[in-house]
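Trainee: Here's the letter readout for the chains.
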Amino acid sequence: MEQLLERILATVEKPSRYVGGEWNSISKKWDQAEVKMAFAFPDVYEVGMSHLGMQILYKVVNDRPDALMERVFAPWVDMEEKMRAAGLPLFSLESRRPLAEFDVVGFTLQYEMSFTNILNMLDMAGIPMRSSDRKGDNPLVIAGGPCGFNPEPLAPFIDAFVLGEGEEVINAVLDVYLAQKQQQCSRRDTLSALAGVEGIYVPAFYQFEYKQDGTVKEFKSDSHVPPVVKKRVVVDVNDVPFPTRPIVPHTDVVHDRMMLEVMRGCTRGCRFCQAGTIYRPVREKDPENLLAQAEELVRSTGWDEISLTSLSSSDYSGISEVIGGLVDRYSSERINVALPSLRADAFSVELAKEVQRVRRSSLTFAPEAGTQRLRDVINKGVTEENLMEAVTSAFKAGWSSVKLYFMIGLPSETEADLEGIVSLARRVLEAGRNISRSKGRLRVTVSASSFVPKSHTPFQWEPQDSLIELQEKQRFLKQRIKGKGLTFNWHEGQVSMLEADLARGNRDLAPVLERAWALGCRFDGWSECFDFSKWEKAFECFGIKPGDYALRRYSHEDVLPWDHLDAGVSKKYLTLEHKRALDGVPTVDCRGGKCPGCGICPSLEINTQLVGGKSVEPVQDLL
Amino acid sequence: MLNLYRICYKKVGPMRYISHLDLLRTMERGSRRARLPLAFTQGFNPHPRISFAAPLPVGVQGEDEYMDLELESPMQAPVLVERLNTCLPYGLEILEAREVKGAAPSLMGMVEQATYAAVTIRPADINEKSLISSIKAFMEQQEVIIDKKTKKGTKAKDIRPGIVKLSGDSKEDRLFIYMTLKTGSRENVRPEEVLRALVKGYLPLNVEEFRITRTGLYAAGERTLFAEF
Chain A
1 MEQLLERILA
11 TVEKPSRYVG
21 GEWNSISKKW
31 DQAEVKMAFA
41 FPDVYEVGMS
51 HLGMQILYKV
61 VNDRPDALME
71 RVFAPWVDME
81 EKMRAAGLPL
91 FSLESRRPLA
101 EFDVVGFTLQ
111 YEMSFTNILN
121 MLDMAGIPMR
131 SSDRKGDNPL
141 VIAGGPCGFN
151 PEPLAPFIDA
161 FVLGEGEEVI
171 NAVLDVYLAQ
181 KQQQCSRRDT
191 LSALAGVEGI
201 YVPAFYQFEY
211 KQDGTVKEFK
221 SDSHVPPVVK
231 KRVVVDVNDV
241 PFPTRPIVPH
251 TDVVHDRMML
261 EVMRGCTRGC
271 RFCQAGTIYR
281 PVREKDPENL
291 LAQAEELVRS
301 TGWDEISLTS
311 LSSSDYSGIS
321 EVIGGLVDRY
331 SSERINVALP
341 SLRADAFSVE
351 LAKEVQRVRR
361 SSLTFAPEAG
371 TQRLRDVINK
381 GVTEENLMEA
391 VTSAFKAGWS
401 SVKLYFMIGL
411 PSETEADLEG
421 IVSLARRVLE
431 AGRNISRSKG
441 RLRVTVSASS
451 FVPKSHTPFQ
461 WEPQDSLIEL
471 QEKQRFLKQR
481 IKGKGLTFNW
491 HEGQVSMLEA
501 DLARGNRDLA
511 PVLERAWALG
521 CRFDGWSECF
531 DFSKWEKAFE
541 CFGIKPGDYA
551 LRRYSHEDVL
561 PWDHLDAGVS
571 KKYLTLEHKR
581 ALDGVPTVDC
591 RGGKCPGCGI
601 CPSLEINTQL
611 VGGKSVEPVQ
621 DLL
Chain B
1001 MLNLYRICYK
1011 KVGPMRYISH
1021 LDLLRTMERG
1031 SRRARLPLAF
1041 TQGFNPHPRI
1051 SFAAPLPVGV
1061 QGEDEYMDLE
1071 LESPMQAPVL
1081 VERLNTCLPY
1091 GLEILEAREV
1101 KGAAPSLMGM
1111 VEQATYAAVT
1121 IRPADINEKS
1131 LISSIKAFME
1141 QQEVIIDKKT
1151 KKGTKAKDIR
1161 PGIVKLSGDS
1171 KEDRLFIYMT
1181 LKTGSRENVR
1191 PEEVLRALVK
1201 GYLPLNVEEF
1211 RITRTGLYAA
1221 GERTLFAEF
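One line per chain: the protein sequences are A and B, in this order.
Going by our numbering, the residue at position 563 of the first sequence is 563; the numbering climbs one at a time, nothing skipped.
Counting the second sequence from 1 gives a position; our numbering is that position plus 1000.
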């Protein structure tokens, strides 16, 4: 295999994707590990290596003396072609062992458009694609991540899904696996034992019958498994393993810097946002803990930038203290601090000013909608004033380039909201012209993504706009957002539609996925690979078409395809939030001290954890 | 006061697959892990002062590679070697460091030629004698025109003047080709360009199956890059 691989590596693009050997990567002795797990990222190396979750699990599993974890990424199309031609199976980076020789293969589900890559990786590994076809010596195939909250389109392919945060539950999974292995239990017994672990969903034990509209007609779960699976969360984020010796890639990956996670969760409650629900409640890490972890990261990696990551880092209570501490300690070593997610207000720009001595990159803000009315509908607690203050302060501080993120196709959107995007962009440009000292380089970039309704959000019942509507809206904006200093970017509507189909779909989409893969779909999130006609053909084979799930409106009374998977926020609360959205009524952020009653804390028996031991008293049930 | 060190290292094993840019990053990160007092460039976007002799093509290993590294404060060369070696990934190894005293010419400006060894499995129909005669015939050409890929399509290039020496031999089932090629900013011939030309009509072999090693980098007159100081 080695020689064959060497020959192939000489002929593919970016061979360093496939060779491993990076600093801090761990190669344990194969025979000394009782359980061998592969972490499988269904995208290329550069994307997968930018994922903090992988580094966390890599540490957790490799810290166990009885286990090892190795990595595998989706081979790029050139590598796949060469490997298939040579009969080379998919292999891990560390020991170059075939994936099929591992005990457990764990896929991460970060975005729907990577689903065909999962099937392709199973196929390249020679692991039977369907769970029901796997035998005793085939690896256990598990998956987790955000898309695990509606994993139904993948249900036949995955043995067990992990709901929620993985750093604790992964140990439970490996323990169960080891106990079952020692007792030489059957595959089915192992799955049954796994189904008894909180946060584990074994789809084979749940049966569905669907109505014509895709909602659930009848749902049965086997008697030995819980009818509803609840997500797992880490109770104390200060007392959980954090990868302070992460793998440092040689090659330029998407996020090529230290990742220091400052908190889990976000309480802003934007109504389109799935992460806002599934990572609740907010749990902040102590600044002291963060500074200690930063020191370890700096010494163990050699990276020159620390990114303070979370869903909304400027909301973190200790942000000024942490930034101050990092700048004091590391600026003499030319180590920068980066803030990847900035709230659109003057405070955030102040933070950015502190960390970015050099205004080389642009600042990005996400007002999401063009009018106050629509921002109230989506509960985006940002006003036009906030945004104008933010950009004014940014231009004054020397930035000459600003990016604005919007979403089109949001529920209740009208032409006035699109006009709002245009006028906001022009106002920002105007402010730049009045203030900026480098007018020649002044640039306002507007990016419009298409709204994708997601499970476990107040908009889970809402249909997506049709492709024609989305394209018309894109055209509307394209015609108006142009001229000197203005740039307009948009996302391919067809991709957003398929994303919504998969995000809101049920098990009937599994054969469609399988067919799409067979027709050659891979890397569907990459424009150079995406081929909508193949997807159309795949849907057609089963008498449906793309958009059938995306464009449906579900009713509050319907049983949704993911209702058996509980993210901790009650459906009652989501229903109330949906109604408030349509009435344009905003909801408070529980950071302010008032609990809006989402149900997460009582449901998971956990509390919001803020810096300094502060918390928020949950109301038991507002509804 | 300039604390400049000229460093000889090897880049082998898995490291031969990382690009020149990746190597720069890896050396910088290794130096940071080793807590070397790196000197940085001035300006808005400071970079550590590290420079290399000649980029190695991806896939080719190097046993005698050179870089210059500038520090803010002086350090004993052997200490530098030891500290850096504990912080570099497998496949990168510092062999020697020497302090550059006075004004040494830049590495990039000094490099004139490089030696390479390429090895492959010897097919049954080639023996050492036929290998040598093929190489001889190849070298008797007045010009060796290859199609060189550029940003705008391909361009014809004569690599013959850049081939200083070419020889070969065979040990057991292996076949070796040794090359001395012009390297650097004035004239540059890559080893796989020579192999590609050689297999076309002279030696029926597959270029992809060669493993290539750069065995030496030299200044004019075949002096080593440590020569000037």
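Hints are computed from structural coordinates only; laboratory data are not their basis.
Note that the structure is a prediction, hence the values are computed from the model and not measured.
It is possible that part of the hints are untrue.
As the list claims (entries may be wrong) - If you want the footprint, here are the derived chain A segments under chain B, 3+ residues with CB under 8 Å:
no. : segment
1   : 220-227
2   : 249-255
3   : 552-566
Unchecked claim - Below 20 Å or equal to it, Euclidean Cα-Cα: the simulated PhoX-like pairs (lysine-lysine) are:
no. : chain 1 : residue 1 : chain 2 : residue 2
4   : B       : K1151     : A       : K14
5   : B       : K1182     : B       : K1149
6   : A       : K439      : A       : K484
7   : A       : K14       : B       : K1182
8   : A       : K230      : A       : K484
9   : A       : K135      : A       : K181
Cβ atoms here follow ideal geometry from the backbone N, Cα and C, with glycine treated the same way.
Trainee: Evaluate each hint against the coordinates.
Mentor: Do the hints match the structure? See the list:
1. 220-227: n = 0 at 8 Å, threshold three: violated.
2. 249-255: holds (count 3)
3. 552-566: Violated, because only 0 residues of the segment 552-566 of chain A bring their Cβ atoms closer than 8 Å to Cβ atoms of chain B.
4. B/K1151 to A/K14: Judged against 20 Å, a Cα distance of about 19 Å means the pair holds.
5. B/K1182 to B/K1149: Within the cut-off at roughly 19 Å; holds.
6. A/K439 to A/K484: holds, 11 Å
7. A/K14 to B/K1182: violated, 26 Å
8. A/K230 to A/K484: Judged against 20 Å, a Cα distance of about 52 Å means the pair is violated.
9. A/K135 to A/K181: The given pair, whose Cα atoms are some 14 Å apart, holds under the 20 Å limit.
The structure shown violates the earlier hints numbered 1, 3, 7, 8.
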